[in-house]
Each structure stands twice: as C-alpha cells, then as structure tokens.
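A.B. asks: Let the sequences and hints guide you as you build the complete structure.
Sequence order for the protein chains is A and B. Sequential numbering from 1 applies to the first sequence in full-length UniProt numbering. Sequential numbering from 1 applies to the second sequence in full-length UniProt numbering.
I should point out that these hints are in silico values taken from the structure, not numbers from a laboratory. Worth double-checking, as some hints may not be accurate.
Claimed, not checked - Each computed DSS-like pair below joins lysine-lysine, with the alpha-carbon atoms no more than 30 Å apart:
#, chain 1, residue 1, chain 2, residue 2
1, B, K195, B, K238
2, B, K318, B, K165
3, B, K238, B, K349
4, B, K184, A, K95
5, A, K68, B, K269
6, B, K79, A, K95
7, B, K269, B, K246
8, A, K93, B, K349
Remember, it's a predicted structure, so these values are computed and weren't measured experimentally.
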Amino acid sequence: MELGSLQDNSQATFSLTDEDHTLANSLRFTLNQDPRVSFCGYSIPHPSDARVNIRVQTTGDSAREVLKDSCQDLMLMCEHVRSTFDQAILEFKSKDGLKSMKI
Amino acid sequence: MTTESEDSESMEEQRTPKIPVWDLPDLPTGKLPPHLELQRTRVLCTFDAPTHTEKIQSSGAYASMGVDNSMQFEEFRNKFRVEVIRLTEDDLEVDMIGIDASLANAFRRILIAELPTMAIEKVLVANNTSVIQDEVLAHRLGLIPLKVDPRLFDYISENDEPNEKNTIVFKLHVRCERGSARIKVKSDELKWLPKGSEFVLNSEKSTADSTSKTKTYTSFSCSQDSLPEFSNNPIAPKHDDIIIAKLGPGQEIELEAHAVKGMGKVHAKWSPVATTWYRMLPEVVLLQDIEDEKAEELVKKCPVKVFDIEDIGKGRKKATVARPRSCTLCRECIRGDDWDKYVSLRRVKDHFIFTIESTGALPPEELFVEAVKILEDKCMRVISELS
Numbered sequence: 001m002e003l004g005s006l007q008d009n010s011q012a013t014f015s016l017t018d019e020d021h022t023l024a025n026s027l028r029f030t031l032n033q034d035p036r037v038s039f040c041g042y043s044i045p046h047p048s049d050a051r052v053n054i055r056v057q058t059t060g061d062s063a064r065e066v067l068k069d070s071c072q073d074l075m076l077m078c079e080h081v082r083s084t085f086d087q088a089i090l091e092f093k094s095k096d097g098l099k100s101m102k103i
Numbered sequence: 001m002t003t004e005s006e007d008s009e010s011m012e013e014q015r016t017p018k019i020p021v022w023d024l025p026d027l028p029t030g031k032l033p034p035h036l037e038l039q040r041t042r043v044l045c046t047f048d049a050p051t052h053t054e055k056i057q058s059s060g061a062y063a064s065m066g067v068d069n070s071m072q073f074e075e076f077r078n079k080f081r082v083e084v085i086r087l088t089e090d091d092l093e094v095d096m097i098g099i100d101a102s103l104a105n106a107f108r109r110i111l112i113a114e115l116p117t118m119a120i121e122k123v124l125v126a127n128n129t130s131v132i133q134d135e136v137l138a139h140r141l142g143l144i145p146l147k148v149d150p151r152l153f154d155y156i157s158e159n160d161e162p163n164e165k166n167t168i169v170f171k172l173h174v175r176c177e178r179g180s181a182r183i184k185v186k187s188d189e190l191k192w193l194p195k196g197s198e199f200v201l202n203s204e205k206s207t208a209d210s211t212s213k214t215k216t217y218t219s220f221s222c223s224q225d226s227l228p229e230f231s232n233n234p235i236a237p238k239h240d241d242i243i244i245a246k247l248g249p250g251q252e253i254e255l256e257a258h259a260v261k262g263m264g265k266v267h268a269k270w271s272p273v274a275t276t277w278y279r280m281l282p283e284v285v286l287l288q289d290i291e292d293e294k295a296e297e298l299v300k301k302c303p304v305k306v307f308d309i310e311d312i313g314k315g316r317k318k319a320t321v322a323r324p325r326s327c328t329l330c331r332e333c334i335r336g337d338d339w340d341k342y343v344s345l346r347r348v349k350d351h352f353i354f355t356i357e358s359t360g361a362l363p364p365e366e367l368f369v370e371a372v373k374i375l376e377d378k379c380m381r382v383i384s385e386l387s
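C.D. replies: What follows is the structure in structure tokens.
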C-alpha cells in the first residue's frame, strides 16, 4: 500500500503487511546505497501488528521505481550470496574428502 | 582562488613554504584518510562501550571528500567471500566477508523463525494413567525434533483433511507391568504409522453402510511408505534416547501424535535450528611495543590466550597478537590503569562469523540456502505488490 501525493511522486510511504525487521532493515540498507535516494527509513507502528512502514524520498525519480530497484538489488545480492556459499561448501567438502582419503 | 595562491606565494618568501591543501601528497584521490577509514570499517570497543557501531550507509556520506560511498553491485560481487571453517552433520561455522549487518541479521532471523519444519501438533490420547498430565505430555512430544525433510510436505490449514501430503502420524503405546521396575519412555518408542491414523472416528450416523472403509482421524489415500523418499529411510525422531515420560508399575500410555508443518514464528518447536548466531571478527591491535615484564603480564591477563611472547634477541621479549579470532571481548587486557593506551580492541564491521546448529531435520548448509531463498521470495512478493 503506497501513501503518497498525486502531484509529487518522488516521496511516499509504503505500508507492507506481514513483514518485520527482517525484510525492512535489508531494504533500508539497499535503499541507502542508491544515490537517487535522499531519505529512507522504516518504522513498525505496533509490534503486535505485523506491519512495516517504509518511507522513501528521492531526488526526483518516482519513489515506487526506486523501491522496486532496491528490491531487485537485494534479490541479486541474495542470489550471489547463495552461489558463493554453495561453491564454498563444495570446495570444503572436496577438500575434506581428500583429507580423509589421504588418512 | 587567485588571491589565495598569491598570498601563499608572498608567504613563501618569508617563511617555510606553505603547500596548498589540494597538493598534499599522501592522500590518494577517491579514498578516505586513515582515521576516517578506521571509523567507517571498524567498531572500536573501548572500556565503557563500543563506539562507531553504526554502518555509515548513506550514499552521499563522504561526498565532500569526493569519495563515493554508494555500493554498486559489482563491487559487492568482487568483495564478497565465504570461507567454511567447520562443517559437521549438525554444525556449521562459516565466515562471510563483505556482507552488511542488516543482511546477516536477516538471515539469522529467517533461520530461527521462518524456515518451516515438521513437529507434532495434535495428540490424540486414548489412555494415560501415568503421572505426567496429558497436556504436559503433548507439550513434550511437540518439542521432539523429527528427522524428516519439511520440503516434501504441504502446510495444513483449518479446513483441510489430514492426508499423506500434510501429516505424519506416530503411535506411542507403552505399558509398565505390575511387579516390574519403573521404566523410562524414550523417543524410540514413537512408532511411525505410514498408513495413517488407526483410531476410528465415531460418527453420529448409524453405520448402515458397513461395506465402506472405517473412517479414521486421517484420510491417507496411499501409504507414505510407498513414496520413494521414505521407502528406505523411515521417519523417526532425530535422537532415540530422549526421555518422554517415566512410568511406574501398572501405568500405561496409549496415544497417537500427528505432526504437521509450521514455522518458528508460531511456536518454537517448529524452529529448525537449535540456535544460530553471528559475531564480528575481533581485531586486537597493539598501539605501542610492549616488552619484557609488561609483555608477560599481558599474556597472563588474557583468559583465552590471544597474546604470545616473541623473542627479539638480546634476551628481550615482545608481545604479539597470535590468535585474535578467539578473543571474546572480555576486556581484561584493557582493564587497569593505562592499558588502553597499549591495546586497542576492535571489530571488523563487515566480517561475520556465522554459526548454525541444526536440530536434525535438514543439514545446516541446506538450512542456510533455504533461508536465502526465503529472503528472495519476500523481495519477489514486494516487487509483485508494487507492480
């Protein structure tokens, strides 16, 4: 759910349901890295409701697009983490296998 | 601009030449001076409290120095490294370098609370004459870790019939005979029933159609045994020596337990990890050379033996940092007067030592991969909602 203004689409507050610090903090991190963003932050109005408000203010671009781009960035980062991790595990297992074979 | 250079030129004749600031040689353009770089990448753990803990995240933070703090994806890809330190069937210790604290915390939170597992939820008690109450027994059964891959099962909701795709049925029937000693009921007494529940569901209507199959509490259309994943490895609790209850002579427990899929968010029994934690890599730096007696004192102070003595000839000794990784930040080495001028305790902000202890449903490396996939799914959901 986006709460913004009709005239100015460079700033908006996005209210996401069923989310908590897990996604919101990571999104805030990727948003901050984007040079088009002038302000970003998140808040949790009440801990019993699983709802997160993410505020994005940009230097001109549409806030919705910038948020979408950061989500894409986060997904790319996750994929990269996954592939690097898989490779490291494979290497470790083969090294371990070699060690146990030598013994 | 011109007036300044004229001034400096006139000054030059009178005093030592003043070099304009932009000509200072030490600073490579595009990088930060060392003290700012220290602030940006290290947490300084002083005696009172850690300082500089927040990551300077905003992309324009160092714009006045001409340094671009925004992190491009390419840079992340080049800097990110993973090193596996220890990998056993249940434990994993892994170093992640180049990742940010918010991502590391997101993975930790997902591992604890949002990875699904199977655990016993409904317990149908037919007979319980032991001293353990029904609800206490049911609670204990729920906490037993089951060695089954939760990805093979679906979630069950209120209206669904329990069938072979979303329920696992166990049976527990133990009796302690009169005249024999007390017995302990261990988790290996939990027998898997691949064909579903055996307790008959009593319906109000008269059973005129006795030709149809008797309805039980679950409706398995085929035996779970016939599925390829379970034909050779039966489903059982991970450890077979967990004590569930203790029975005295003449006491009996007869019950059926249904296990379903759930997430740690709802109840901790569905958490797939015993626990998982991360810490930042400690860095111990000696600010001045420490010799002889002070060196001996330092080595003795540290309870985890981070420091070591090195002989530098002529019988003199010097202290060196041998094992900074094992530092537990007890701050013994900076306690006392003046010691914090000699030793500086720091943590590297983007180097995380992750430890995952699995309860047995899935091996820890698979748990981590699933957690990353779940974070990706969340992002996907947000993107689709926004479009």
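A.B. asks: Next, verify each hint and record whether it holds.
C.D. replies: So, going through the hints one by one against the coordinates:
1. For the suggested pair B:K195 and B:K238, the alpha carbons sit about 21 Å apart, so the restraint of at most 30 Å is met.
2. Our distance criterion of 30 Å between C-alpha atoms is broken by B:K318 and B:K165, whose separation comes to about 66 Å.
3. A C-alpha spacing of about 37 Å is found between B:K238 and B:K349, which places the hinted pair above 30 Å, so the restraint is violated.
4. Of the pairs offered as hints, the one joining B:K184 and A:K95 is violated, with about 43 Å between alpha carbons and a cut-off of 30 Å exceeded.
5. A C-alpha spacing of about 35 Å is found between A:K68 and B:K269, which places the hinted pair above 30 Å, so the restraint is violated.
6. For the hint pairing B:K79 with A:K95, the CA-to-CA distance comes to about 23 Å; that is within 30 Å, so the pair holds.
7. Only pairs whose Cα atoms come within 30 Å are accepted, and B:K269 paired with B:K246 is accepted, the gap being roughly 22 Å.
8. For a cut-off of 30 Å, the pair hint linking A:K93 to B:K349 stands: about 28 Å separates their Cα positions.
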